[in-house]
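Visitor: For the sequence shown, position 48 matches number 48 in my numbering, and the numbering has no gaps at all.
Rather than coming from a laboratory, the hints here were simulated on the basis of the structure.
You may find that some hints are simply not true.
As the list claims (entries may be wrong) - The calculated label-pair distances, taken between Cβ atoms and stated as ranges, are:
(1) 54 <-> 78: 20 to 28 Å
(2) 25 <-> 71: 14 to 22 Å
(3) 54 <-> 12: 15 to 23 Å
(4) 3 <-> 75: 34 to 42 Å
(5) 53 <-> 78: 34 to 42 Å
(6) 36 <-> 13: 31 to 39 Å
(7) 52 <-> 21: 17 to 25 Å
Keep in mind it's a predicted model, so treat the numbers as computed, not measured.
For each residue, glycine too, the CB sits at the ideal point set by N, CA and C.
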Amino acid sequence: MQMLQLSSERRARLLSHGLLAINARSQEVLQGLTFEESQFLIDFDDGGHGAGDVASMERREELALRHEQARLRIARADDESSAAEEPRPSVASKF
Numbered sequence: 001m002q003m004l005q006l007s008s009e010r011r012a013r014l015l016s017h018g019l020l021a022i023n024a025r026s027q028e029v030l031q032g033l034t035f036e037e038s039q040f041l042i043d044f045d046d047g048g049h050g051a052g053d054v055a056s057m058e059r060r061e062e063l064a065l066r067h068e069q070a071r072l073r074i075a076r077a078d079d080e081s082s083a084a085e086e087p088r089p090s091v092a093s094k095f
């Protein structure tokens, strides 16, 4: 398995929030991104990959948006499937 280069603490935090996934190539990725995109975003946020470069900043924003959209899709799907599993309260009727 190809792991992202990040600290153990950061990996644990990302995992606990459901932000990491394993793709079809057995690579650790941020939800909704490729391995390379995930590593770019992590490196950028750590101050690397031309943090002051306008093109890099635009790429970072695009990747962060895609990651957030993927997270929201997953959360929404999880909420919908959980709601289907929960027993619905019955309404008592006097009639």
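Visitor: Now tell me, hint by hint, if it's right for this structure.
Guide: Evaluated hints:
no.	hint	in the structure
1	54 <-> 78: 20 to 28 Å	36 Å, violated
2	25 <-> 71: 14 to 22 Å	21 Å, holds
3	54 <-> 12: 15 to 23 Å	33 Å, violated
4	3 <-> 75: 34 to 42 Å	24 Å, violated
5	53 <-> 78: 34 to 42 Å	36 Å, holds
6	36 <-> 13: 31 to 39 Å	22 Å, violated
7	52 <-> 21: 17 to 25 Å	30 Å, violated
The structure fails to meet hints 1, 3, 4, 6 and 7 from the earlier list, while all remaining hints are met.
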